[in-house]
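J.: Here is what each chain is made of, one letter per residue.
Number of protein chains: 2
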Amino acid sequence: MTPSPKYITGDKAAINEFIDKFDTFLFDCDGVLWSGDHVFEGVPETIRMLKAKGKRTVFVTNNSTKSRQDYLKKLSNLHIPCEKEDVFGSSYSAAVYISRILKQPPGKNKVFVIGEAGVEAELAAEGIPCIGGTDEKFRRDVAPEDFQGLADGSLLDPEVGVVLCGLDFHINYLKLSTALHYLRKGAVFLATNTDSTLPMHHSFFMGAGSCMIPLEYASGQKPLELGKPSQAMMDAVEGKFQLDRSRTCMIGDRLNTDIKFGIEGKLGGTLHVLTGVHKKEDWDKEDAVAVPAYYADQLSDLGLVA
Amino acid sequence: MTPSPKYITGDKAAINEFIDKFDTFLFDCDGVLWSGDHVFEGVPETIRMLKAKGKRTVFVTNNSTKSRQDYLKKLSNLHIPCEKEDVFGSSYSAAVYISRILKQPPGKNKVFVIGEAGVEAELAAEGIPCIGGTDEKFRRDVAPEDFQGLADGSLLDPEVGVVLCGLDFHINYLKLSTALHYLRKGAVFLATNTDSTLPMHHSFFMGAGSCMIPLEYASGQKPLELGKPSQAMMDAVEGKFQLDRSRTCMIGDRLNTDIKFGIEGKLGGTLHVLTGVHKKEDWDKEDAVAVPAYYADQLSDLGLVA
Chain A
107 MTPSPKYITG
117 DKAAINEFID
127 KFDTFLFDCD
137 GVLWSGDHVF
147 EGVPETIRML
157 KAKGKRTVFV
167 TNNSTKSRQD
177 YLKKLSNLHI
187 PCEKEDVFGS
197 SYSAAVYISR
207 ILKQPPGKNK
217 VFVIGEAGVE
227 AELAAEGIPC
237 IGGTDEKFRR
247 DVAPEDFQGL
257 ADGSLLDPEV
267 GVVLCGLDFH
277 INYLKLSTAL
287 HYLRKGAVFL
297 ATNTDSTLPM
307 HHSFFMGAGS
317 CMIPLEYASG
327 QKPLELGKPS
337 QAMMDAVEGK
347 FQLDRSRTCM
357 IGDRLNTDIK
367 FGIEGKLGGT
377 LHVLTGVHKK
387 EDWDKEDAVA
397 VPAYYADQLS
407 DLGLVA
Chain B
107 MTPSPKYITG
117 DKAAINEFID
127 KFDTFLFDCD
137 GVLWSGDHVF
147 EGVPETIRML
157 KAKGKRTVFV
167 TNNSTKSRQD
177 YLKKLSNLHI
187 PCEKEDVFGS
197 SYSAAVYISR
207 ILKQPPGKNK
217 VFVIGEAGVE
227 AELAAEGIPC
237 IGGTDEKFRR
247 DVAPEDFQGL
257 ADGSLLDPEV
267 GVVLCGLDFH
277 INYLKLSTAL
287 HYLRKGAVFL
297 ATNTDSTLPM
307 HHSFFMGAGS
317 CMIPLEYASG
327 QKPLELGKPS
337 QAMMDAVEGK
347 FQLDRSRTCM
357 IGDRLNTDIK
367 FGIEGKLGGT
377 LHVLTGVHKK
387 EDWDKEDAVA
397 VPAYYADQLS
407 DLGLVA
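Chains as they are written, first to last, in the working numbering: chain A, 107 to 412; chain B, 107 to 412.
Pulled out of the complex, with its shape left as it was, chain A reads as follows (with noise of 0.2 angstroms):
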């Protein structure tokens, strides 16, 4: 049986001992450290006073729509103290996969995106050729002249083999049919991350899961998914930033994403905050995803240290 999660909120004790443990913190982002634009209390001032100890900071989010300069560019605007370096991201960790890992033939480089500009701008920086994404030519009604083009094959760029599949909104009949037409010539599918839902303004919007989910149902094939949960982008966050996994600790709001990341790449430990997705409850019920070492109400509790 797992142990329950530790509650350190307001327990100063706890709290020391709990940031003395580590070296590393990976905070997710939204749902962590805000919602939206909305910022919650405290949280740059906790990120501050955690930089101060020596600690290292960075950043892990699945959102894929944004690249690291996006991102660094939101957490300056709220006043998070943090280099480019501190940003890892899913669609980052995608390009790196592609370029690295994956290394596909000459030819067969290029990637068609489902999604944002924040797909492309790392796809970019890592030197990778892509179509479709927020390409005009995309982001329209799908004619009857597509359906002959795509199933002849003469629309289709033969030098795509990976489609890489994020959060779109702009998804659309024509985009999915193309990707699905490369899956079906064989392209290598991969999804930045699965997340079913966008957190947004109190409620729930389609995440980059329920955008790549019609290609899996259409094609009957998975994506191999570069976000948290995936071991792919936490071997990538440990190759950038050097850390001692026994030294590092993962904070987040969703259990299936941040916590089973954290607890699956054997960090030393996992912190639950309950300002975002998943509450109290999801992790006391028998057949929880993952269950935390450690939960406090919110990020800002930590600031109550000697």
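These aren't lab readings, by the way, just hints derived from the structure by calculation.
Do not rely on the hints blindly, as some may be mistaken.
Treat identical chains as interchangeable: a pair holds within one or across any two.
[Claimed, not checked] Derived lysine-lysine pairs resembling DSSO-like cross-links, with alpha carbons at most 30 angstroms apart:
{"id": "1", "residue 1": "Lys-157", "residue 2": "Lys-372"}
{"id": "2", "residue 1": "Lys-118", "residue 2": "Lys-214"}
{"id": "3", "residue 1": "Lys-291", "residue 2": "Lys-209"}
{"id": "4", "residue 1": "Lys-157", "residue 2": "Lys-346"}
{"id": "5", "residue 1": "Lys-391", "residue 2": "Lys-291"}
{"id": "6", "residue 1": "Lys-291", "residue 2": "Lys-385"}
{"id": "7", "residue 1": "Lys-386", "residue 2": "Lys-291"}
{"id": "8", "residue 1": "Lys-391", "residue 2": "Lys-328"}
{"id": "9", "residue 1": "Lys-385", "residue 2": "Lys-328"}
{"id": "10", "residue 1": "Lys-386", "residue 2": "Lys-127"}
Everything numeric in this text was worked out from a predicted model, so none of it was measured.
Starting from the structure of chain A, add chain B where the hints point.
T.: Just chain B, lined up with the frame of chain A:
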């Protein structure tokens, strides 16, 4: 062990015996009568022959984009003898279910549609009000104010009590997010059908199920399916045509919809034709979803009669 299906192509005695066993033939359309706009050779003659022998011919289709009227037009254009009453589509099945079985309370009887004009026409014919569907207001990119308005409910119609999902060539983020919010507010979740793909031009495109699956994934709810192989559809067909199931045969090209539909409906027989999605090897494998009683290379093989 299920006995192997009997192959009747070219076997005059077997074909005569097959035809004599049934009074009513239920035909799937795409993959049986035609592919896209191309009617298979000999199909009109075969239907005419069956009618001349006093058989009832009913066209049972999962294609939700067309109304019965649209289907009648298509069948007539392809010279397949048919009357409007002989057509039974999944949109019609859904409309009948909503109006006659579901019976939503007044003030909750509107349907939010993901789908094309066929769904709207069948709902209108049953006197059910609907929104969404082909309305241009939903055929656009999602905007920041949509996120706010969906989250706070100001963009939601309080009279919507049902989300009905069919094949939508104009599927987009706004429609899916709107439907998700209705589901989260307790709307009944229905699908015209859940076919993952749409066969066209000898290839496969996104089917109705692939338009619906993001909602299932994001909401965690499964829709009640009104098309084949749902027995809700079989009950409706039986109710309308007063047929003797033991003297009825389902003819189709998909094991998981058509053949399963006939077997679970306890029809007298099922005939699989090899002009569509599934092939011989699909029922030969151990975990085949359904095994037909008869099979033929093509529908017009029935023409070889005395």
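J.: Now tell me if each hint is right for this structure.
T.: How the hints compare with the structure:
no. : hint                : result
1   : Lys-157 <-> Lys-372 : within (23 angstroms within a copy, 70 angstroms between copies)
2   : Lys-118 <-> Lys-214 : neither (56 angstroms within a copy, 52 angstroms between copies)
3   : Lys-291 <-> Lys-209 : within (18 angstroms within a copy, 46 angstroms between copies)
4   : Lys-157 <-> Lys-346 : within (19 angstroms within a copy, 73 angstroms between copies)
5   : Lys-391 <-> Lys-291 : between (43 angstroms within a copy, 24 angstroms between copies)
6   : Lys-291 <-> Lys-385 : between (43 angstroms within a copy, 20 angstroms between copies)
7   : Lys-386 <-> Lys-291 : between (45 angstroms within a copy, 23 angstroms between copies)
8   : Lys-391 <-> Lys-328 : both (28 angstroms within a copy, 22 angstroms between copies)
9   : Lys-385 <-> Lys-328 : both (29 angstroms within a copy, 23 angstroms between copies)
10  : Lys-386 <-> Lys-127 : within (23 angstroms within a copy, 62 angstroms between copies)
Hint compliance for this structure: hint 2 is the single one not met.
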